[in-house]
Structure formats: structure tokens, C-alpha cells
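If you read the sequences in order, they're chains A and B. Position 100 of the first sequence, counting from 1, maps to 136 under my numbering, and the rest follow consecutively. Position 202 of the second sequence, counting from 1, maps to 636 under my numbering, and the rest follow consecutively.
These are calculated hints, taken from the structure and not from any lab test. There could be a bad hint or two in this list.
[Said to hold, decoys possible] Residues of chain A clear of chain B, computed beta-carbon distances all greater than 12 angstroms:
id, residue
1, HIS46
2, GLY75
3, LEU123
4, ARG127
5, SER140
6, THR146
7, ARG281
8, PRO336
9, HIS356
[Unchecked claim] Pairs of lysine-lysine, DSBU-like flavour, derived with a Cα cap of 35 angstroms:
id, chain 1, residue 1, chain 2, residue 2
10, A, LYS211, B, LYS630
11, A, LYS256, A, LYS125
12, A, LYS43, B, LYS475
13, A, LYS119, B, LYS571
14, B, LYS651, A, LYS181
15, A, LYS124, B, LYS571
16, A, LYS48, B, LYS630
17, A, LYS125, B, LYS651
18, A, LYS164, B, LYS571
19, A, LYS181, A, LYS256
20, A, LYS181, B, LYS475
21, A, LYS111, A, LYS60
22, A, LYS164, B, LYS651
23, B, LYS571, A, LYS236
24, A, LYS107, B, LYS630
25, B, LYS651, B, LYS475
26, B, LYS478, A, LYS128
27, A, LYS107, B, LYS651
28, B, LYS651, A, LYS124
29, A, LYS43, B, LYS571
30, B, LYS630, A, LYS119
31, B, LYS440, A, LYS305
32, A, LYS125, B, LYS571
33, A, LYS48, A, LYS61
34, B, LYS476, A, LYS111
35, B, LYS630, A, LYS124
36, A, LYS61, B, LYS571
37, B, LYS464, A, LYS256
38, A, LYS342, A, LYS43
39, B, LYS475, A, LYS128
40, A, LYS125, A, LYS60
No residue lacks a Cβ here, since even glycine has one placed at the ideal position from N, Cα and C.
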Amino acid sequence: MQNAILKVDHVKTYFPVSTSIFAKKQYLKAVNDVSFEVGEHETFGLVGESGCGKSTLGRTIVRIYDPTEGKVFYKGQDIGRLKGDELKKFRKEVQMIFQDPYASLNARMTVGEIIREPMDIHHLYGSKQEREERVSQLLETVGLKPDHIRRYPHEFSGGQRQRISIARTLALDPKFIVCDEPISALDVSIQAQIINLLEKIQDEMNISYLFIAHDLGAVKHISQRIGAMYLGSLVEIGESEELYRNPLHPYTKALLSAIPIPDPQVMRKRAALDLDGEIPSPLNVPTGCAFRTRCPKAMPVCAEVKPELQTVGTSQVACHLYAK
Amino acid sequence: MNEEIKLTADLFEPLSEDEKNHEFIAAQSKTYFQDAWGRFKKNKMALIGLAFLSVMVILAILVPMFSPFEYDGMDLTALNEMPSLTHPMGTDKFGRDIFVRVMYGARISLSIGFSSAFICLVIGVVYGGIAGYVGGKTEMIMMRIVDILYSLPNLLIVILIMLIFGSNVISILIGICITAWIGMARLVRTQVLTLKEQEFALAAYVLGASRSRILFKHLVINCMGPIIVNVTMLVPSAIFTEAFLSFIGIGISAPAASWGTLANEARTLIESNPIQIIWPVLSICLTMLSLNFIGDGVSDAFDPKKK
Numbered sequence: 037m038q039n040a041i042l043k044v045d046h047v048k049t050y051f052p053v054s055t056s057i058f059a060k061k062q063y064l065k066a067v068n069d070v071s072f073e074v075g076e077h078e079t080f081g082l083v084g085e086s087g088c089g090k091s092t093l094g095r096t097i098v099r100i101y102d103p104t105e106g107k108v109f110y111k112g113q114d115i116g117r118l119k120g121d122e123l124k125k126f127r128k129e130v131q132m133i134f135q136d137p138y139a140s141l142n143a144r145m146t147v148g149e150i151i152r153e154p155m156d157i158h159h160l161y162g163s164k165q166e167r168e169e170r171v172s173q174l175l176e177t178v179g180l181k182p183d184h185i186r187r188y189p190h191e192f193s194g195g196q197r198q199r200i201s202i203a204r205t206l207a208l209d210p211k212f213i214v215c216d217e218p219i220s221a222l223d224v225s226i227q228a229q230i231i232n233l234l235e236k237i238q239d240e241m242n243i244s245y246l247f248i249a250h251d252l253g254a255v256k257h258i259s260q261r262i263g264a265m266y267l268g269s270l271v272e273i274g275e276s277e278e279l280y281r282n283p284l285h286p287y288t289k290a291l292l293s294a295i296p297i298p299d300p301q302v303m304r305k306r307a308a309l310d311l312d313g314e315i316p317s318p319l320n321v322p323t324g325c326a327f328r329t330r331c332p333k334a335m336p337v338c339a340e341v342k343p344e345l346q347t348v349g350t351s352q353v354a355c356h357l358y359a360k
Numbered sequence: 435m436n437e438e439i440k441l442t443a444d445l446f447e448p449l450s451e452d453e454k455n456h457e458f459i460a461a462q463s464k465t466y467f468q469d470a471w472g473r474f475k476k477n478k479m480a481l482i483g484l485a486f487l488s489v490m491v492i493l494a495i496l497v498p499m500f501s502p503f504e505y506d507g508m509d510l511t512a513l514n515e516m517p518s519l520t521h522p523m524g525t526d527k528f529g530r531d532i533f534v535r536v537m538y539g540a541r542i543s544l545s546i547g548f549s550s551a552f553i554c555l556v557i558g559v560v561y562g563g564i565a566g567y568v569g570g571k572t573e574m575i576m577m578r579i580v581d582i583l584y585s586l587p588n589l590l591i592v593i594l595i596m597l598i599f600g601s602n603v604i605s606i607l608i609g610i611c612i613t614a615w616i617g618m619a620r621l622v623r624t625q626v627l628t629l630k631e632q633e634f635a636l637a638a639y640v641l642g643a644s645r646s647r648i649l650f651k652h653l654v655i656n657c658m659g660p661i662i663v664n665v666t667m668l669v670p671s672a673i674f675t676e677a678f679l680s681f682i683g684i685g686i687s688a689p690a691a692s693w694g695t696l697a698n699e700a701r702t703l704i705e706s707n708p709i710q711i712i713w714p715v716l717s718i719c720l721t722m723l724s725l726n727f728i729g730d731g732v733s734d735a736f737d738p739k740k741k
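Based on the sequences and whatever the hints tell you, model everything.
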């Protein structure tokens, strides 16, 4: 990709797990060798089951966690090496919207203080007055009333809180936002409002998103490209429409067959691709292809060689079925 | 499927004024502390305790200032007098006015109680906060130091400090504070450990906030409830320790007076003038009682489950 704003290059994020002092050190392989790129003004969707490492990947990209191996490049710069002013600039441009609107706002601060804080940290705008004006402006952008400024977060509903947290990230005029399941804690009608708000902001401020979710419908709607993740690895990347119409990887197929269709007759006709068993523990990832233990089409080679992402049509897929 | 639904303009009607305002929040915006005070006020015993303590503080400030008697002013013509209008609590074996001495003792006892609680608050919050937030090896070392301090015999340390620095308020303060902040540090550490993984702390980190900003503006502020409860429990225990030390004769020494010193002096006259020991003991008891009631009230007020 030519104008990639973000490049994730073979990133692995492991967490050491110590059961006892004498036990052999184990690693929880939350993200296990992931590579992809996000273009300017693009929304890259990331889907997968709970616990497959989506959030850890998102957090690695905003440098909450340092990758164990591999690198993340933002505008060509390795973010692991940023220090001082450069790091501060990175923090200003790359932001994150969190999943739980009840936990992501400091309960002891007023809405005004919450939204003003990023500007205080980065010393944006000359005077306190200008910051206050910007806060009211931001509240309006996200569809809240300026007189909400002196209220505390507990006085708002989930959707309103998510708007506050969006306003907080926008205070810095970011260029890239990691949306870590921003709608999964909200009810369906509010989800649509937040998605529309995110799209509106994207067009107005020219922002790129990494949109993490397990709601496949919402991801399809907002993303241009989608990556499907299983047990720490990307199994398929494709154009949003293409991935939904013609999924390649057996896991993506199973994932898409789980989307409920609001029509009982169609739903009954569809052959559901139920997966057997549970997702294996990321402490003990299967050899070769991580998905082989649940894959209906597993072959002997799957246990031995870990499939690499390869281009098939317009998509990329990591599966031995498509080996050339 | 969608084609079957025909939408015409007359299906829609404008929102009424009422509906437009249905997201308006009518309730007064209350801060955390206003909320807690509202709950504290409902606890009658705690309010009585607070009232008693306030009266005690005011008397302790005013009585020694305006009384005609000095706390160390002896009057050999009026030894061991019973309570009267001039001497509301009588006089002691040197003819000193007991009322003034008890109030002067209140100054010392209360100021030791409050200032040691304050010192423990500052040290404990900073130490525990840093240990919890930084984590890793730093935390391990910091908490082992705390464990070692905690295992030392408290009283022995106090007595040694008094021997080195002499029997005065400062050395009692050092003696009490040297171990009393440990509970606070442990409490703040555990709170910070759980809070630092929460999304609002991560959000502040991603926004580029400095470590000290995250620690004090986000984490410590959010464990203010348990911290305040802990402080209200520290005050009576410090007062009690001081009274105990002075009573066994290694605390504040005469002619200066704390409640413990007064009780110790009156102890020798317990057979001939038993009334003299009642005043300091009563002061200690009532103050402790009201501080404990306040502590209970505060811990209920800051307990979110009791809302």
C-alpha cells in the first residue's frame, strides 16, 4: 500500500505468566505474528471471537503494550523508538476509544474537565478560555449540549458517555483512532448513532480508524477492509464486500455463518457452519495452523506448517487449502 | 424486503417540545463529596460525635487563651480543691486549675492525633501509590521494606525514639508515624493496582498524561473514599497511643500536660481525690467514642453499596 498511515509488521505481543517461581516460564501469546497496513482515511475492521487478541493488538498499536517482537510503524516511524517530543506528537495523533463507556471516564472529573484534559496535557490553545470554547464546540460535534459541561459522567447514559469519550479523543485532532469495540457495550439503536457519528467525524477531520468489534454487521458497514483474527493471528484480510460475499478461510466462513438474519425462512434454509469445541488457550497454541483443532477441513500439513498470508483474488488468506 | 414499506410524508410528525427535552437532566449535579456528606448527615451518632469533637476543638483553642489561670500556674493556697465556680474541675496537688490543664491537654492530644493522621496520609498515599503504579521490582522492594517495618515492635521503636530525641511532641509524632503509615500505604497500593488497569487510566496514558498526573489526578482521586475512612481511624489510634505513652510516663512530661500525663498525675491521688482522674479519662473516652462514631459514619458515607 502506497499511502499507508500505519503499518504493523510481524507483531507479537506475549505476556509472561508465572504459575510458581519454580515452574518453567510460560507465555500467553495474545498476538502471534500479525502484519497489516491501514491507509489514510481508511477504516480497517478487525473481527474475531472474544479473547482472540484483538484488543491486545489495538493496545500494542497505541503503545500501551510494547510488542515482544516485530514493529509498528506510524507514518514510517517505528513507534517503539519514539521518545520525548516525538512520542508526545505520536500521542497527540494516535488515539484510542475504549470499549466500556462506564470505565473509560474518570468518575471524579466533570465532563468539561475530562474533555479539556488532553488539551491541558499537550498545552494546546493559548488560554483556558479558548480551551473552554473548544470543549463546548466538541460537545456540539458529538451531539451533546454545552450545558452538560459541569455534569459528572454518572449522570449520563452509556451512549452519551461514549460520545463524551469520543469528544475527549477529538480534542487532540488525531489522525488515527483505534476504536476498541466502541459499540459493544451499547444497545442497538445507540450503536447506529455512534457508528454514524464516527463516520461523520472521519469525513470532517480526515481520520483513519482501526475498528475492532465482534459485531460483524457493524464492521461491514463502517470498514473498507476487514481482517479476521483467530487466536492471535490474522487468518484473512479482504475488501469488506468481498470478504462477506466470498469468505475464503474456513474460520471466516464459520464466523459469517453465525450472523443472524432477520428472516426466519432464510435463516432456516442456511446451513449453519457450527464449530466444534472451544477456542484453545493462548497459553498453548496448537502447532502449525492455530485453527486446525476446530477446522472442518483440516489436513495433515496443517499440524506441521503454519500457513502464511497469501494473495487469493483480492483477498489475502492464511490457509493451506489455497496453497499453490 | 425493504421495498414493501412505503414511506410517505404524512407518516411523520414533528417531535413535541416535551419529547425534545426528555434527555434533560433535572437533578442537581452533586460532587462525590456532597453525596457522601448527604449520607453522613443521616447518621445521628456520627453527627453527635462530630458536634462533640467540634466543641472540644473550640474549647481547646479558646479556654487556655482566655482563662485567668495558666496551665502551669501553681497556687499553693488552693491545693486539691473540689470543683467550684472558679475552678470548674477543681485543682490538683499543686493548686493548678484542672479545667485549663485538661483543655491544654486536649490541644496536645488532638494536635498529635490530627497531625500524625495527616503525615501518615501524605507518606502512605505517595509511597503506596508509587509502589502500586510503578509495579515490578520497585514495588517488590518497596513492599518488603514495609513488611520489615511492620514486623518491628512498635512500642520499642517509640521508646527508643523518645530516648534519643527526648520526651516532646515531635518525638511522639515521629514514634507514632514511623509505623502508622504502613496501613495507608498498603491500602493505597492495592487500590491503585486495581485502578491502573481500568480504561480511564489507560485513556489518560494514551492521551499522553505524565505518570504523576495519572497517579494523582486519576488513580488516587478515585480511591479517596477508603483513604478518608482510613484517616478517620488513624486519628483515634494516634491519640490513644500518645495517652498511653504519657500515662506510663514516657510521653509528654509535666508541667506540660496531655490527657495521659494528667491521668498519670491523678493516679497517685486516686484514693484521696478520685475526682481528679475522672476529667482526663472522661475526655479521652468521649473523644475516642466520638471519633469512632465519626469513623463509622464516614465509612458508611463512602461505601457505594449503601447508597
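Honestly, which of those hints from before does the structure not fit? Failing hints, ascending: 3, 4, 5, 6, 12, 18, 21, 23, 26, 34, 37, 39 and 40.
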